[in-house]
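Heads up: the sequence lines are chains P and F, in that order.
Going letter by letter, the first sequence gives residues 0 to 173 in numbering that gives the first Met the number 0.
Going letter by letter, the second sequence gives residues 0 to 173 in numbering that gives the first Met the number 0.
Think of the hints as simulated: they come from the structure by calculation, not from any bench.
There's no promise every hint is true.
Restricting the straight-line Cα-Cα distance to at most 27 Å, the calculated cross-link-like pairs of lysine-lysine (DSSO-like) are [to be verified]:
{"no.": "1", "chain 1": "F", "residue 1": "30", "chain 2": "F", "residue 2": "152"}
{"no.": "2", "chain 1": "F", "residue 1": "172", "chain 2": "P", "residue 2": "30"}
{"no.": "3", "chain 1": "P", "residue 1": "30", "chain 2": "P", "residue 2": "172"}
{"no.": "4", "chain 1": "P", "residue 1": "172", "chain 2": "F", "residue 2": "152"}
2 protein chains.
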Amino acid sequence: MSSAAATVNGVDLAAVGGLAQQLLAEPDAPKSSWSARTQWTGAFTSASYAREHGPIVSDEPTLLAGSNSAPNPVEYVLAALGSCLAVGYAASAAARGIELRALEIELAGTIDLRVFLGLAEGHAGYDRIELTTRVDSDADDAALQELHEHVVKTSPVGNTIEHPVELRTRLVKS
Amino acid sequence: MSSAAATVNGVDLAAVGGLAQQLLAEPDAPKSSWSARTQWTGAFTSASYAREHGPIVSDEPTLLAGSNSAPNPVEYVLAALGSCLAVGYAASAAARGIELRALEIELAGTIDLRVFLGLAEGHAGYDRIELTTRVDSDADDAALQELHEHVVKTSPVGNTIEHPVELRTRLVKS
Chain P
0 MSSAAATVNG
10 VDLAAVGGLA
20 QQLLAEPDAP
30 KSSWSARTQW
40 TGAFTSASYA
50 REHGPIVSDE
60 PTLLAGSNSA
70 PNPVEYVLAA
80 LGSCLAVGYA
90 ASAAARGIEL
100 RALEIELAGT
110 IDLRVFLGLA
120 EGHAGYDRIE
130 LTTRVDSDAD
140 DAALQELHEH
150 VVKTSPVGNT
160 IEHPVELRTR
170 LVKS
Chain F
0 MSSAAATVNG
10 VDLAAVGGLA
20 QQLLAEPDAP
30 KSSWSARTQW
40 TGAFTSASYA
50 REHGPIVSDE
60 PTLLAGSNSA
70 PNPVEYVLAA
80 LGSCLAVGYA
90 ASAAARGIEL
100 RALEIELAGT
110 IDLRVFLGLA
120 EGHAGYDRIE
130 LTTRVDSDAD
140 DAALQELHEH
150 VVKTSPVGNT
160 IEHPVELRTR
170 LVKS
């Protein structure tokens with residue numbers, strides 16, 4: 000098999016297959032660990048880092064008393080979900096031999112700022128996120144719908160948002 | 000009051016107060032709407048946009064068959080949470096007259112890649128996120144602990160992660 004044939008949607012099928020084989024061969028291997036650190040940089044701005052990557056700069060819009068220098072945290076949640084689904088579509092389509100020409104995801108949700116500002120009780124986060132995926136592919140509708148449902152169901156970011164996740168927090172005075 | 004006195008932690012107290020007054024004056028005003036769009040850019044890379052901001056570039060590490068050109072989606076979730084908490088500390092400390100000299104948040108969690116890859120059943124997202132906030136401030140321990148608990152409780156990203164959130168998804172062939 001040529002190296003071109005081993006790539007679908009730009010995804011290296013041998014590398015993904017090797018990862019799956021490795022995980023199957025080591026059922027007791029630890030889960031995959033991820034971390035980030037966020038440095039507050041004054042007012043509503045911050046710079047976050049993950050491994051050798053960053054800064055991931057965040058700010059609030061001027062309407063929320065920020066300086067609008069970057070996306071805000073709740074927009075990063077939508078971007079994280081969109082980028083996670085994009086990985087899922089690319090990988091799962093490749094595994095099914097489905098070629099994608101283009102794929103875009105639009106995501107939206109609402110936040111009750113009153114709860115954030117302590118003016119009302121309730122849930123200060125998104126209560127629902129709506130998203131539309133637009134895909135350009137020759138695959139038939141049923142195959143694409145099955146792909147879509149599989150990708151949403153197995154998305155790490157999607158599952159983090161859909162399920163209750165425990166936050167264990169600690170404050171240290173430095 | 001001088002303009003310097005109206006700023007604590009770089010936060011414009013008049014602007015935050017004005018926002019709160021506006022929300023109190025319009026109890027039937029709609030919730031605040033946020034959106035993003037993600038464009039798949041081949042393999043495991045994507046570029047996301049929110050309002051005039053972006054691209055927010057994402058990729059997977061080479062160990063996960065990506066090209067490691069950017070943070071990955073689950074790292075963006077941690078960064079979103081860290082940056083959201085940073086806004087919360089700055090705003091709520093300012094409202095309490097607490098001056099922060101420095102603040103950093105370390106965040107970590109684990110993902111079961113077997114579930115993502117379809118090799119096992121279960122929850123493909125974070126099941127728990129642990130975070131430590133390091134704060135440099137002259138405020139006393141009790142005041143800082145109260146601040147910390149309030150910020151975690153009212154964080155929009157924290158609440159999105161902690162609570163079950165409905166994902167409404169739709170696939171459109173373009």
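Quiz item: Which numbered hints does this structure break?
Solution: 2, 3
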